[in-house]
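**Q** So you can see what is in the structure, the chains are spelled out below.
There are 2 protein chains.
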Amino acid sequence: MNTLHVIKIGGNIANDEKKLENFLANFVQLDEPKILVHGGGSSASDLCKKLDIPIQMNNGRRITDKPALDVAVMVYAGLINKNIVAKLQGRSCNALGLSGADLNIIPAKKRTGTEINYGFVGDIEAKSINNYFIRRLLDEQIVPVFPAITHDTQGQLLNTNADTIASTLSIALTKHYNVSLIYCFEEQGVLKNIKDPDSWIPQLKKQNYLDLKSEGVIHEGMIPKLDTAFEALKQDVQQVHIKHAENLLNNTGTELSL
Amino acid sequence: MNTLHVIKIGGNIANDEKKLENFLANFVQLDEPKILVHGGGSSASDLCKKLDIPIQMNNGRRITDKPALDVAVMVYAGLINKNIVAKLQGRSCNALGLSGADLNIIPAKKRTGTEINYGFVGDIEAKSINNYFIRRLLDEQIVPVFPAITHDTQGQLLNTNADTIASTLSIALTKHYNVSLIYCFEEQGVLKNIKDPDSWIPQLKKQNYLDLKSEGVIHEGMIPKLDTAFEALKQDVQQVHIKHAENLLNNTGTELSL
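The listed protein sequences derive, respectively, from chains A and B. Per the working numbering, the very first residue in the first sequence carries number 1; after that it's consecutive. Per the working numbering, the very first residue in the second sequence carries number 1; after that it's consecutive.
Since the hints were derived computationally from the structure, they do not count as laboratory data. Think of the CB as a built atom: it goes at the ideal place given N, C-alpha and C, for glycine as much as any other residue. Treat the hints with caution; some may be incorrect.
Said to hold, decoys possible - Distance condition first, Cα-Cα at most 16 Å in a straight line; then the derived EDC-like pairs of lysine to aspartate or glutamate:
(1) B/K110 to B/E125
(2) B/K50 to A/D211
(3) B/K50 to A/D46
(4) B/K192 to B/E215
(5) A/K50 to B/E215
(6) A/K50 to B/D52
(7) A/K175 to A/E255
(8) B/K192 to B/E231
(9) A/K49 to B/D52
(10) A/K49 to A/D31
(11) B/K49 to A/D52
(12) B/K206 to B/D227
(13) B/K66 to A/E17
(14) A/K225 to A/D196
(15) A/K66 to B/E220
(16) B/K66 to B/D52
Claimed, not checked - Simulated DEER-style distance windows between Cβ atoms:
(17) B/E17 to A/R62: 32 to 38 Å
(18) B/Q141 to A/N251: 41 to 47 Å
(19) A/D236 to B/D65: 30 to 36 Å
(20) B/K175 to A/K109: 42 to 48 Å
(21) B/E246 to A/N12: 46 to 52 Å
(22) A/Q56 to B/D65: 31 to 37 Å
(23) B/Q141 to A/E21: 36 to 42 Å
(24) A/K109 to B/E140: 37 to 43 Å
(25) A/E125 to B/N131: 35 to 41 Å
Same shape as in the complex, but just chain A:
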């Protein structure tokens, strides 16, 4: 089977012109087939503030009401996605931006039945991903670029976490490819000490992670990302790395294993 690279970048890269250019210069050198998934970070919240759209929180969790969803769609699926696609085309990489609604690629279910009503947030499953079109596109040397937007298949767009989209796409494609999933972020890897950027762990086994988590060593903000990453490994994704965006082509960063 061919190796498929699924790369996820966060808003800290997507929203910074210089970091994004540096990242894309490396990304285009990566062997195809490949997929890019991007978050939007704080850019949607920034636009909400400018538009006086209140950012609703409940127990520390963000609520995506209709105005907040519209902003997420504009910023993630519009501004950031189309700029990345244009920049990749400028580097002769045949990119295609795809929200989960386009080609019905990522059907989602609006989150319900939770204590908190999260609003227009979509939960996704690997078995629902529309592999057929993803494979057709990859076979044509097309590079799909996914923002953090899905849909409920009934006409409603939804916001879905970009880390989750990257891991779910990876899991869905393991039947057809050896999938290498790389989460790019602003540190060299998973840190033992959040205050020491050099404390990154080269190899992180699941049990090791669980121990570090229970000891409170792993930074709170990393836990959902790492849980999602280990789930990908459990569901047959071949490799998962967490590394700095500038090291995309280097053999550094944290490699996870079960």
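With chain A held as given, fit chain B onto it using these hints.
**A** Coordinates of chain B only, in the frame set by chain A:
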């Protein structure tokens, strides 16, 4: 050759939930292959106002500076495009939103050498359109949905008039299809008297149009649309109609001929 329908809707439909749903209910009934092109109308200007981005004009022509372009990309390629795609998917129509940058479908040239600097505005030519991917998509029963956004192939997104995109795509595809181009707008057809909505002309020949134009009968705002429409006919588009969006499936409206 198969008949290809290229339908253009303006912002008055795209921005009105009810009108859009009515239009899409008809659009999905139209035989495939088909393409939808949408404008955004005043919605980008409305967002500019909310964001205190000054709308720059020069001799009555709008200047698309960087902030105005970002808003156009957010609204046209993001919010409006993805909402239309999601709604079409909700009606079992396999839609795919495509800015001109996606798959390098519509390469454009930034307008230069004019007396006025229009900013990030792209001019397009039928011979540059990437027919290969459009045909591959249509062959897969995919319905492409185009916002008024193109790119310069060097990484820069550009704003291009949606009427022009519709006619240029139509012209580019005449080698492979009998193309029927339909401009949907808020009147029953081209009006002899702008104040009388019933004064629409069922058949409009080019010479007849030129006469009415020189007599000042044709409303100023219709002239660029009609010039673009007659150019499409001249360049082998089989049929061009201008009609009310609600009459998409009816045999009414203005039919143009050379």
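**Q** Confirm or reject each hint.
**A** Against the structure, the hints:
1. B/K110 to B/E125: holds, 12 Å
2. B/K50 to A/D211: Between B/K50 and A/D211 the Cα gap is close to 50 Å, so the pair fails against 16 Å, i.e. violated.
3. B/K50 to A/D46: holds, 14 Å
4. B/K192 to B/E215: Holds. B/K192 to B/E215 sits at ~11 Å (cutoff 16 Å).
5. A/K50 to B/E215: violated, 48 Å
6. A/K50 to B/D52: holds, 9 Å
7. A/K175 to A/E255: violated, 22 Å
8. B/K192 to B/E231: violated, 21 Å
9. A/K49 to B/D52: Given pair A/K49, B/D52 holds - Cα atoms ~13 Å apart, limit 16 Å.
10. A/K49 to A/D31: Roughly 40 Å separates the two Cα atoms, so the pair is violated.
11. B/K49 to A/D52: Roughly 13 Å between the alpha carbons, so the hint for B/K49 and A/D52 holds.
12. B/K206 to B/D227: Holds - the C-alpha atoms of B/D227 and B/K206 are around 9 Å apart, at most 16 Å.
13. B/K66 to A/E17: holds, 14 Å
14. A/K225 to A/D196: Violated, at about 20 Å.
15. A/K66 to B/E220: violated, 38 Å
16. B/K66 to B/D52: Holds. B/K66 to B/D52 sits at ~14 Å (cutoff 16 Å).
17. B/E17 to A/R62: 32 to 38 Å: violated, 25 Å
18. B/Q141 to A/N251: 41 to 47 Å: holds, 44 Å
19. A/D236 to B/D65: 30 to 36 Å: About 49 Å separates the Cβ atoms of A/D236 and B/D65, which means 30 to 36 Å is violated.
20. B/K175 to A/K109: 42 to 48 Å: holds, 44 Å
21. B/E246 to A/N12: 46 to 52 Å: holds, 47 Å
22. A/Q56 to B/D65: 31 to 37 Å: Distance hint for A/Q56, B/D65 holds at roughly 33 Å.
23. B/Q141 to A/E21: 36 to 42 Å: holds, 37 Å
24. A/K109 to B/E140: 37 to 43 Å: With a Cβ separation near 26 Å, A/K109 and B/E140 fall outside 37 to 43 Å, so the hint is violated.
25. A/E125 to B/N131: 35 to 41 Å: holds, 37 Å
In summary, the numbered hints that this structure violates are 2, 5, 7, 8, 10, 14, 15, 17, 19, 24.
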